[in-house]
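K.L.:
So you can see what is in the structure, the chains are spelled out below.
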Amino acid sequence: TSNEPAEPASSAAPAPAPAASGNDEPGTKVVIGFSAPAADHGWIAAIAKNAEAAAKQYTDVEFKPVEPTNDINQQISAVESLIAAKVNALVILPNDGQQLNQVALQATAAGIPVINLDRVFPDKLAYRTWIGGDNYGMGVAAGHFIGKSLKDKGVADPVIVEIQGIATLPLTQDRSKGFEDALKTYGFKVAAKQDAQFTVETGNEVAASLLQAHKKIDALWNHDDDQGIGVLAAIKEAGRDEFIMVGGAGSANAMKEIQAGTSVLKATVTYSPTMAASAIKLARLIAQGKGMSDLLENQVPQSITLASETITKENVDKYLPLGFES
Amino acid sequence: MLVMRGIVKQFPGVRALDGVDLDVRAGEVHCLLGQNGAGKSTLIKVLAGVHQPDEGTIEFNGEQVRPSSPNDAIRLGFATIYQELDLVDGLSVAENIFLGHEHAKLGFVNMSAANRAARQVLERLGHGEIRPSTEVGRLPAAAKQVVSMARALSHDARLIIMDEPSAALAHDEVDNLFRIIRELTAQGVAVVYISHRLEEIREIGDRVTVLKDGRTVAVGLPARETATSHVVSLMTGRNVEYVFPPRAANPPGEEVLKVEGLTSPGAFADVSFSVRAGEIVGLAGLVGSGRSEILEAVYGARPASGRVELAGKQVRHSVVGNVRRGMGLAPEERKAQALLLDQSITANITLGSLPSFAKLGWMNRARERAEAHRLVKALDIRPPDPERPIKNLSGGNQQKAVLARWLLGSRKLLLLDEPTRGVDVGARAELYAVIRDLADRGIGVLLVSSEVPEVLGLADRVLVLREGTVIHQADAGELDEHRVLDMIMDGRAA
Amino acid sequence: MSEPKIPPAAVPETGGSAPPGAATRNPLSALGEARHLGLLVALGLLIIVGLVTRPENFATTSNLVSILSLAATIGVITVGATFVIIGGGIDLSVGALMALASVWATTLATQEYGPFVMVICALLVGTGAGLVNGLLIAYGRLVPFIATLAMLVAARGLAQRMSDRKTQLIQSGNTALVDLSTTRVLGIPLLVYIFALVVVLGWILLNRTTFGRRTYAVGGNPEAARLAGIDVRRHTMLLYALSGLTCGIAAVLIMARTTTGSSTHGDLYELDAIAAVIIGGTLLTGGRGTIIGSILGLLIFTLITNLFILNGLNTSDQLIAKGLIIVVAVLLQRRNLKERAP
Amino acid sequence: MSEPKIPPAAVPETGGSAPPGAATRNPLSALGEARHLGLLVALGLLIIVGLVTRPENFATTSNLVSILSLAATIGVITVGATFVIIGGGIDLSVGALMALASVWATTLATQEYGPFVMVICALLVGTGAGLVNGLLIAYGRLVPFIATLAMLVAARGLAQRMSDRKTQLIQSGNTALVDLSTTRVLGIPLLVYIFALVVVLGWILLNRTTFGRRTYAVGGNPEAARLAGIDVRRHTMLLYALSGLTCGIAAVLIMARTTTGSSTHGDLYELDAIAAVIIGGTLLTGGRGTIIGSILGLLIFTLITNLFILNGLNTSDQLIAKGLIIVVAVLLQRRNLKERAP
Ligand SMILES: Nc1ncnc2c1ncn2[C@@H]1O[C@H](COP(=O)(O)OP(=O)(O)OP(=O)(O)O)[C@@H](O)[C@H]1O
Ligand SMILES: Nc1ncnc2c1ncn2[C@@H]1O[C@H](COP(=O)(O)OP(=O)(O)OP(=O)(O)O)[C@@H](O)[C@H]1O
Ligand SMILES: [Mg+2]
Ligand SMILES: [Mg+2]
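Chains as they are written, first to last, in this note's numbering: chain A, 1 to 326; chain B, 1 to 494; chain C, 1 to 342; chain D, 1 to 342.
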């Protein structure tokens with residue numbers, strides 16, 4: 001929430017770690033192209049901002065973002081234009097990995113290393129390195145938190161409700177799968193799920209009706225903290241507090257709710273947009289032919305999966321600086 | 001050749017045809033007469049396959065037929081000129097003429113063949129100057145009527161139905177139309193002719209069928225021998241004399257309208273005249289002589305230079321202002337320019353004077369309804385139910401509603417463009433009386449009509465126009481029909 | 001020969017049988033009018049489906065209140081859209097204007113002045129942007145579709161810029177605004193009353209004032225309206241301003257409901273609002289239509305969504321069923337519209 | 001009054017300057033026609049902006065090819081939409097039909113039969129769904145807006161069901177389909193040729209055949225068309241089927257370009273296509289319009305996007321600018337449309 005009085009170092013990428021190995025020392029000048037979906041909501045906006053901020057830290061990086069769009073056809077064109085411009089490395093967060101696979105292959109064929117951010121290309125030939133969150137793991141983390149809390153409370157046969165993000169995204173399906181699998185280990189299952197659009201308003205609408213459909217709920221997992229604002233508003237409006245709620249992604253706003261501890265939101269599982277900053281750093285290293293200095297290998301690894309962490313009242317202080325503003 | 005028996009057509013709430021008989025012979029001009037709303041257009045639409053009759057039989061050349069679509073009727077050899085112009089504005093003249101039966105091979109249009117054929121038909125109609133490739137939307141109303149006729153002629157029809165073809169035509173054009181009708185009948189084509197101008201019937205018609213309230217009241221009367229008064233009383237059920245109300249006894253008052261040097265490039269130039277309170281001033285002229293344009297310019301609806309004064313004050317060029325100051329216009333094309341087809345008669349009547357029924361924008365609907373009811377009665381609009389949608393009224397009754405609009409509120413000046421177009425004889429006399437009554441109450445009236453007798457009979461003073469200039473002004477009493485016709489055709493000013 | 005001297009004017013006539021059209025004008029009987037019958041039948045069927053499938057959840061007060069609260073935001077916009085469409089236009093920018101108004105009203109700078117100023121701000125922004133639409137269309141003579149599409153795009157862009165694409169929370173000092181959604185009178189949240197008020201005022205404006213009558217005229221036949229002395233341009237402009245105003249009101253409601261202002265609010269509202277208006281029997285060509293029809297159309301949409309969520313159906317099935325229901329509802333409605341036959 | 005002398009021509013000559021109707025019919029001069037002048041000016045301005053801001057990138061072959069490839073998918077749809085809109089209708093379902101066709105053609109079951117069957121499948125699905133639109137509108141007499149909105153919703157739902165909301169990759173055996181986008185002849189990908197072919201065929205159909213000319217009649221004055229013996233309903237139905245067919249073709253193109261079928265393809269294409277058609281000078285009320293105008297309108301949109309990509313503007317600014325550019329383009333165009341004055 002942009003309205004909060006200036007939060008220290010809130011959404012900007014964390015400062016680079018001390019340059020022990022000199023990896024942050026200026027090297028050959030590289031142009032890094034960047035393409036992502038339209039920044040029409042908090043998480044993706046944070047992705048774009050983190051990428052840009054990371055690029056700005058380096059004098060040897062020229063950052064070249066292209067028009068973000070939600071139309072696959074246009075994103076293909078955008079990447080094509082970056083290939084034509086002969087950038088040194090490409091960071092791509094595709095609207096859909098499968099649909100952009102072809103053009104990523106083209107880039108690789110043109111000798112441009114592709115750093116695949118988050119939504120993965122099906123074809124390993126299409127990218128040099130993948131870095132992204134663990135959607136399945138996120139569902140698992142949420143499932144475990146809820147499973148454990150309910151077990152501890154001794155609830156039998158609980159009503160567990162899930163509010164998903166955009167249903168047609170593979171990541172949504174992965175998250176749901178992880179959630180379901182984790183709950184299974186406690187012998188629980190999801191009673192109802194509905195998808196929203198990652199926006200405050202749709203979260204609000206879906207939650208309002210779901211609360212009508214289930215007069216008593218024990219736990220609710222909401223995939224995305226952006227739409228979570230709307231979900232919380234609907235819960236408050238309905239005057240319901242008999243259940244616990246878990247968020248997703250880890251926005252600063254959600255963390256503050258958890259910290260305050262006054263609402264039903266008890267935890268959120270991270271899916272940090274800081275990965276965009278890391279992707280830019282990796283792109284720079286790859287383009288300059290460097291490795292990651294903490295590792296023995298001379299080259300950047302082929303894939304890096306971020307762990308999804310569970311933020312609760314106990315550890316929220318540690319995470320708050322990393323929370324993005326939704 | 002054509003025999004229709006016991007045709008019944010029911011619309012929701014209206015029995016438009018209630019057992020009509022018609023009997024047309026090859027090579028004759030059969031006239032269909034009847035008051036507004038008598039069912040003439042409905043009858044010919046049944047014939048043209050637009051409406052399906054609920055009861056009754058149609059026999060053509062001895063065979064039972066039942067045209068179930070316009071296409072059917074065309075195939076049977078019926079061609080129709082409809083009362084309302086039904087052309088496609090976005091297409092060219094030639095495309096309109098051959099719409100539905102294009103010159104085409106395998107679906108590909110042969111444009112040049114179509115243009116050639118169109119030119120031929122147009123020349124036959126005496127209008128070789130209309131270019132086949134012109135977009136119809138750009139043609140003036142009269143030329144559109146010609147295109148409609150050309151379309152009917154372009155079919156090799158054995159029966160041609162004409163629903164008030166002369167309504168949009170001026171005098172000279174009507175002669176031309178008659179020439180063509182005679183050519184057709186000489187070839188054995190039958191013509192069904194509908195008109196409210198009884199003198200036309202006498203000139204071109206062979207036999208007459210009269211409709212009243214959806215029923216046939218007379219079949220196959222000889223057109224030339226039957227007395228006009230007889231026909232009229234058949235139509236109306238009473239005796240109507242085709243006369244104009246007496247002119248005002250008291251002399252006209254102050255000048256309500258003064259026009260000086262009004263010019264609109266391409267339409268008219270340097271027109272000056274005045275209209276006084278209680279006076280009816282008529283504009284006579286050919287179609288295309290710029291009469292409608294003068295009315296529009298005075299009304300502020302068309303850009304023009306020059307000076308227009310209403311009641312001694314120069315008016316700004318704005319319809320809104322002019323209406324507020326007391327002008328009213330009954331435009332030429334009522335469907336396109338005057339009517340809210342989806343609305344009730346009431347809503348159409350009160351459209352021009354809404355503020356007078358409102359306080360701070362709040363409508364007093366009881367008063368509105370009462371006023372509308374009063375006018376519907378006064379003008380004998382049928383059916384006399386002010387809440388009926390106006391689109392189901394016959395043309396003449398719609399015209400009355402348009403006039404009624406300006407009978408509300410305090411008008412100083414009324415501009416009437418062809419106020420009796422498509423209005424039947426009985427209603428005409430009523431309209432004349434209404435117009436005269438308005439003038440007697442101190443309103444100035446500027447009247448355009450293509451019927452010279454109407455201008456001469458109704459107006460106090462007449463301006464004769466030719467090609468956008470006033471060539472003569474005189475009191476109506478000083479002129480006669482022949483002189484006016486000579487002037488508007490040859491430009492010989494007296 | 002008849003001399004119909006025009007009789008002396010107008011003693012309001014009470015006599016005779018009530019003219020048939022009079023029924024149309026009575027707010028209550030309007031509901032039962034033939035042309036809304038199909039909608040009512042469709043609504044009834046949906047309610048029956050609700051009662052049968054979820055007897056314990058559907059007919060509860062809280063669920064009904066929830067449906068009305070959900071319908072409120074877009075319902076307010078639908079009232080404005082009805083005016084614009086009856087007036088022969090179309091407004092694609094409604095959702096974007098609502099977003100812009102919500103963002104503007106929740107900027108820190110605005111929030112400093114408290115909830116009252118925030119509301120005024122939202123209303124002004126909505127009306128102002130609507131006025132721009134109106135100016136472009138009435139005086140710039142742009143096609144409404146294009147002008148409002150451009151406004152849609154630009155307003156969303158501006159809202160994103162202004163909010164820096166963040167969701168702007170209503171500050172703790174301004175929760176009076178949020179109370180609109182949480183405070184209940186007789187068990188019904190204030191925002192439902194606001195919705196009802198807008199509908200009633202809209203109904204009155206459309207059916208009882210010269211403004212409404214002119215709207216029908218301007219939409220039905222602009223040339224005839226012009227020649228009858230109506231300032232068609234000015235009226236057109238006002239219609240879009242009115243639509244903008246309803247977007248401003250809707251922005252207040254959505255802020256109350258979600259406790260935020262955001263550039264993502266109201267996404268695709270334009271389609272929903274226009275669809276509700278048209279299902280309600282208003283012609284896209286203008287000149288015809290009713291507010292009650294639009295609201296019934298909207299309630300059908302809202303009810304469909306509610307039923308699906310109550311029954312736990314997934315969105316894909318929801319979409320398919322929604323398409324079918326729209327078709328059936330309109331076919332039902334058409335059955336009762338003999339007048340409009342070929 | 002009874003002398004039947006043939007009067008001098010009373011109908012004014014429209015002569016003088018070349019008759020407008022004639023010019024329309026020549027494919028080349030049509031481009032230069034006055035009514036497209038505004039569009040050409042706008043396009044020219046955009047090109048100049050491109051040359052000035054990105055001299056090294058803009059005027060390259062690869063960029064031009066990229067613009068055309070981007071325009072191809074929606075361009076094909078725009079051709080169909082032009083027919084529907086000239087015919088007095090509107091088709092909101094185009095994007096959804098494209099998605100449905102792409103999903104259907106890429107199901108594993110279909111893919112077994114190879115690329116040729118996949119193409120046939122996409123075309124049939126598009127045409128079939130279009131036919132359903134046409135039947136609902138022409139014979140069920142639903143308002144086009146509603147019927148195609150229902151189809152939009154239902155087709156998206158069906159596509160989601162069919163694909164289980166997953167993106168369906170084209171299997172390695174069927175890459176012949178993908179070659180449409182990767183194979184180049186004279187440096188231009190095949191799909192651009194397909195686009196061009198559809199435009200040319202559409203132009204011929206609209207301007208040179210009875211079907212096309214009757215489309216103007218059906219849209220401009222359906223009653224007159226009916227009276228002239230045209231089967232208006234059948235024609236209307238065919239128009240929607242044609243629009244569906246173009247969606248099927250577009251589905252083939254998008255499959256080639258993305259190597260996938262997906263229920264998310266073509267989101268909001270309906271708005272873009274309609275906007276392009278209207279900017280191109282076709283009236284939403286029907287009866288008037290040109291294919292060339294629509295394509296110019298579309299190219300303007302595509303060029304705007306391309307320029308933004310090249311210049312790396314952010315979305316918000318881009319949206320604001322896009323809104324302004326639309327308004328300016330249309331104002332420019334209106335300047336050249338004196339005929340349509342008040
Ligand atoms: N589509 C329709 N729906 C309902 N009523 C109709 C319809 N068409 C005509 N009518 C009614 O049928 C009656 C006959 O109308 P019609 O148009 O045939 O009269 P007409 O004799 O041609 O009159 P006019 O001389 O004024 O043209 C009128 O009362 C009219 O209101
Ligand atoms: N749509 C139009 N396009 C171009 N010129 C027109 C158009 N309408 C009228 N004109 C021109 O304006 C002049 C007057 O035309 P119009 O037919 O309206 O005169 P009129 O005297 O009012 O005839 P009528 O009594 O039939 O209305 C003519 O010279 C005609 O060329
Ligand atoms: Mg008639
Ligand atoms: Mg005239």
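Any given hint might turn out to be false.
Unchecked claim - Dumping the calculated PhoX-like pairs for lysine-lysine here, alpha-carbon to alpha-carbon at most 25 Å:
#	chain 1	residue 1	chain 2	residue 2
1	B	K258	B	K212
2	A	K56	A	K290
3	D	K166	A	K189
4	D	K166	A	K177
5	A	K124	D	K166
6	A	K256	A	K318
7	A	K184	A	K318
8	A	K148	A	K56
9	A	K148	A	K177
10	A	K313	A	K266
11	A	K193	D	K166
12	A	K153	A	K236
Claimed, not checked - One-sided excerpt, in silico: chain C residues whose CB lies under 8 Å from chain D:
#	residue
13	R54
14	E56
15	V143
16	F145
17	L313
Said to hold, decoys possible - Some residues of chain C that are not near chain D, with every Cβ distance over 12 Å (derived):
#	residue
18	V52
19	V65
20	Y113
21	S163
22	D179
23	G281
24	A329
Rather than coming from a laboratory, the hints here were simulated on the basis of the structure. Virtual Cβ for every residue (Gly too), placed ideally from N, Cα, C.
K.L.:
Decide, hint by hint, whether the structure agrees.
P.N.:
A quick look at each hint next to the structure:
1. B:K258 - B:K212: Given pair K258 of chain B, K212 of chain B is violated - Cα atoms ~45 Å apart, limit 25 Å.
2. A:K56 - A:K290: holds, 19 Å
3. D:K166 - A:K189: holds, 23 Å
4. D:K166 - A:K177: Distance ~14 Å between K166 of chain D and K177 of chain A Cα, so the pair holds.
5. A:K124 - D:K166: Roughly 19 Å separates the two Cα atoms, so the pair holds.
6. A:K256 - A:K318: Distance of about 12 Å is within 25 Å: holds.
7. A:K184 - A:K318: violated, 30 Å
8. A:K148 - A:K56: Violated: K148 of chain A and K56 of chain A sit about 43 Å apart, past 25 Å.
9. A:K148 - A:K177: Roughly 18 Å separates the two Cα atoms, so the pair holds.
10. A:K313 - A:K266: holds, 7 Å
11. A:K193 - D:K166: holds, 18 Å
12. A:K153 - A:K236: holds, 23 Å
13. R54: Cβ of R54 of chain C sits 21 Å from chain D, so the hint is violated.
14. E56: violated, 28 Å
15. V143: This interface hint holds because 6 Å falls under the 8 Å limit.
16. F145: holds, 6 Å
17. L313: violated, 11 Å
18. V52: holds, 23 Å
19. V65: holds, 27 Å
20. Y113: Holds, since 25 Å exceeds 12 Å.
21. S163: Violated, because the least Cβ-Cβ distance between S163 of chain C and chain D comes to about 9 Å, which does not exceed 12 Å.
22. D179: Answer for D179 of chain C: holds, closest chain D Cβ roughly 32 Å.
23. G281: G281 of chain C not clear of chain D: closest Cβ-Cβ about 10 Å, inside 12 Å.
24. A329: Violated, since 9 Å does not exceed 12 Å.
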